Amino acid sequence: MTDQVVVKNPQAQRRKKNLILGFNIFLFLLPALFLFISILIAPIVVSVYRSFQDWNGMSAGKWCEPNIFQNYIDMFTNSVTMNFVVALKNSLILAFFSVFVQLPLSLGLALVLGRKPKGERFFLTVFFMPVLISTVVIGQLWLKIYNPDYGLLNSFLKLINLDTWTHIWVSDPKTALGSIIVPTIWQYVGYHMLLMYAGVKGVSPDLREAAMLDGATPGQVDRYVVIPIIKPIIRVSVIFAVTGSLKAYDLVFILTGGGPQKLTEVPSTLLQQQLFLANKYGMGSAISVMLIILCFAFALLITAVFREKDN
Amino acid sequence: MNDKKIKAADFDTTYVPKKSNPVVKVIIMILLIIWAGINIFPIYFMFTFSLKSNEEIFGLNVAGLPRDWIWSNYSRAMGTGNMGLYFLNSIIVTGASILISLIAAMMATYAITRIKWRGNKLTNAFFMLGLTIPIQASIVPVYVVLSRLHWLNKYSTLIIPYSAFALAMAILICTGFMVEIPFDLDEAARIDGCGLWRTFFRIIIPLMKPAYATIGIYSFLQCWNEFMFANVFISDSKHRTMPVGIQQLSGSYTTDWGPIGAALVIATFPTLLIYVFLSRRIQESFIAGAVKG
Amino acid sequence: MKKRLVSVLVAAVMALSLAACGAEGGAATPAGGGDAAGGSGDAPAATADAGSGEAITLNMWCIATESDSNRHSYEAAIADMAKNHPEITLNWEAIENQAYKTKIKAAVAADEMPDIFFTWSCAFLGDFVKANKVYCLDDAYKAYASELPEVMMGNSTYDGKHYGVPLTMNIVGLFANMDLLKQVGYDEIPGSYDEFIKCCDALKAANIIPFGCAGKETWCVTEYLESVIEKSVGADALNDIFLGRATWNNPDVGAAVDEFQKLVNNGYFDPSGAGLTNDEVKANFMAGKYAFYMNGTWNCADFAADEAFYQKVKVSEFPVINADKAKLGQLIGGPSDTLAVAASSPNAARAADYTFELGKLICHYGYLDGCGLPAWTPYGDTSGINGLTQAVSEICAKADSYVLFGDTAMSAEDATTYLSYVDQVYGCQVNGTQFIEGLAKDIR
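Residue numbers (our numbering), protein chains in the order written: chain A, 1 to 311; chain B, 1001 to 1293; chain C, 2001 to 2444.
For the record, the hints were derived by calculation from the structure and aren't laboratory data.
Only a predicted model underlies this, so the values are computations on that prediction, with no experimental measurement involved.
Cβ atoms here follow ideal geometry from the backbone N, Cα and C, with glycine treated the same way.
Don't take each hint at face value.
[To be verified] Pair by pair, the computed Cβ-Cβ distance ranges are: (1) F34(A) with E2066(C): 37 to 47 Å; (2) A2206(C) with W1071(B): 23 to 33 Å; (3) P1022(B) with R307(A): 36 to 46 Å.
[Stated by the list, open to error] Taking lysine-lysine and the DSBU-like style, the derived pairs with C-alpha atoms no more than 35 Å apart in a straight line are: (4) K2204(C) with K2083(C); (5) K2289(C) with K62(A); (6) K2198(C) with K2101(C); (7) K2198(C) with K158(A).
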């Protein structure tokens, strides 16, 4: 380690100083490193190791047979007991709706609020509210809305004589996934909106003024001045939305539990099921390793796409 | 988010667009009001059904104000549901996690941004991995380790993992704030004979005050809602946190919606009230995180 | 009359091959594993005996949550135990059924089990026994053998050693709302399958939903499906399949599954049921939404507790579909609710004695409450037991053989696979042939 500040001292003294400095750096990093390595890094290493094993969590694990990658192979081939492909597809659909419905909505709200309409504060406050509500509460609340017999949604449809539109929302194969997507998107619109609003507010008023003087409409100002400036924030939002969709668990677990007929499973519900219901810890570890790989892959991909656009 | 073009938000600008079509303005206002309605309505629905009997909820009066205000739903949620305790547990766990992640993040960020050494960029990148690692990935190994250490069913069983998972975001935000503190200050302190630690405590910690609220909010959002770890790691009801408590309660009152509604309200309204009163500060801190991160 | 009935019942049950499951567990357990489990049990016994009388604290996990019909029997039994054993403090936690399965397995994997834990017999407990995590109860059992028939221990016996204290036993019952049946001209639950189907058609024509079934909880579907299969292929054939002695690839089972799907496709099941939990479906049944509800006989207590509904409800067994292979008296069920002691418990020997006494009391109160039939020899005044539970006793007294619930009989991994297929059958994603072929392929 080099200490660029202290350069005039002789060699020995410098080495000693470096040692002390290094020790201090280590001390500063220690709490964070301890937390990070013990809770994140070490478990991942263990998961990778276990993912090549056939282990029931109780007795000693043995290496997978006949192929060491058997868990990973099963993941993509065993379709009745554990359909990882469907789970992955579901979370990608969720990611698609997050990126192409939720984020545009957030962006639109952020831009509109950035123009200082009447009640800006009020709207900002209200739009952020769902973010603060616990996901379990939101899940329970929406269960009551979706209830086939007494739910708000079906009652409302019957009231306006659209009886044929009523569904058993959370367990009709046609609507189950949709009934998860709607509250998920609804909850986090406010989160992304506030992130983007921060960016919108950061655009200097002079820049806006200049564009306005050139005859640009507010829409054009947003399109050609504001959006390019807040692009880094949009990128982060996209990464959060996609990785968040891959990690989705709470609402799926509460609303559908992966049903009907496993059509709405997501990787995390499969993970829980393999670990604790089927006692397949090896397979569970393989799923978690897969999740990490996917999250990283998408984060890199999104960064690359945004860089591409910049050029 | 690391864009130097963006300066801190300037809230006092009294800039108003000069040309704007009144029709568009009205349409926008209507859309905003509709979206606000969509956001408020579920909360309103939750509040009203928490005070109703099943007869009202199931037909007579689905979405209106309750006719008989059945406050006993609340005593049932508090009594058998134990929501008060779970709420307190959630506050303890979340509060401690925020504190620990904040301290660890401050120290680490100081080492990364304000001390010059060869590995600082790499260390930073290493911590940033945490932003994308899903919390589920470590549940089994962490469970096995914690249980071998006989460390289940304590507050710290949740606090340690929560702090670890809030850490990456905290470091990211801290970095944004810390690089804005002039480096001359460190230099001056060093000339005055302050070591690294004294500089950290005397200069950095006081100057980083604005960052605390921001980090607190982001960590809060991560810890407050967490369900998977809380469900698996805590088996006794003494340390159960609210999300698990609610899930449990709705299992035991499946067909009696009033007490479930009451529990949902108890779990939600304190946070919402605090938020409404402090909304300006909370939003500003959140925004600061977005800009600086 | 009642006393006689019970003794007939117990005699009948004893005559049956309830130990089948335990024998299978034994065969699958390597001899060394069994010995080790026994061995680990012997050591603490000596140390704990010396210390008995000392005040200790025991922890227990069970599934008797506030809404569970067994709640009262646990509370009453634990209160009695506190009186009888002031030196033992019991801390107990009740955890919701599905969450409990997760929790207990995680705890077993991590050696963090409570001293006493609730478990389902056969494979569920068997997995833990194989991993040497359960304390062997052979020594403690001797003192209770006169009150607890050996045959009732069968489902928790592995390699000839006893590992569980059974509480109550339950079967799958066909519950009927007689008010609704009367509306379509039936005064009794139809005894033959043809009549039964006619009754369902009549109900459907009268806009009454015949069956309520919680699609969100697959075990509720198995209550129907397993009965249909059993009454088509016979108890022995189904038992052999569940215990891995025969292949799933049995065309008769496939035909039975197709028969079940016909019931689904005929619209006998409540479509909203697919999105409901069992508690919600049960409440609907009690509210008069369905004519029939196939579920465990532990429901008798709740049905009897509701004055108005108790007048309307009757219980019976599912009619025979194929008389060549199956007959009345072939039932689904058996002693499954069990308490076991963790091998890791520091006071395992005393916990074992405590568990037997507690189990006896829970069984006693549970029987009085109508939560099921007793695994222990009943004592005291049992005349107050509700009529539904008595009707179940009569069905059991005539029983020919029992097949334990499929998801209890199979190991966790196989049960998960099995339940996935059942789910697919209910959703009509696979037909009978695909069901038997798939299971034959995926289970070993």
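Consistency of the hints with the structure:
At roughly 41 Å, the beta carbons of F34(A) and E2066(C) sit within the given window of 37 to 47 Å. Checking the proposed 23 to 33 Å range against A2206(C) and W1071(B) shows it is violated: the Cβ atoms sit about 42 Å from each other. At roughly 41 Å, the beta-carbon separation of P1022(B) and R307(A) lies within the given 36 to 46 Å, and the hint holds. Taken as a hint, the K2204(C) and K2083(C) pair is broken in the structure, with Cα atoms around 54 Å apart against an allowance of 35 Å.
Proposed proximity of K2289(C) and K62(A) is contradicted: the alpha carbons are some 51 Å apart, above 35 Å. Note on K2198(C) and K2101(C): the hinted pairing is violated, with a Cα-Cα distance of about 40 Å set against a maximum of 35 Å. Under the criterion of a C-alpha separation no larger than 35 Å, the hint pairing K2198(C) with K158(A) is consistent with the structure, at around 32 Å.
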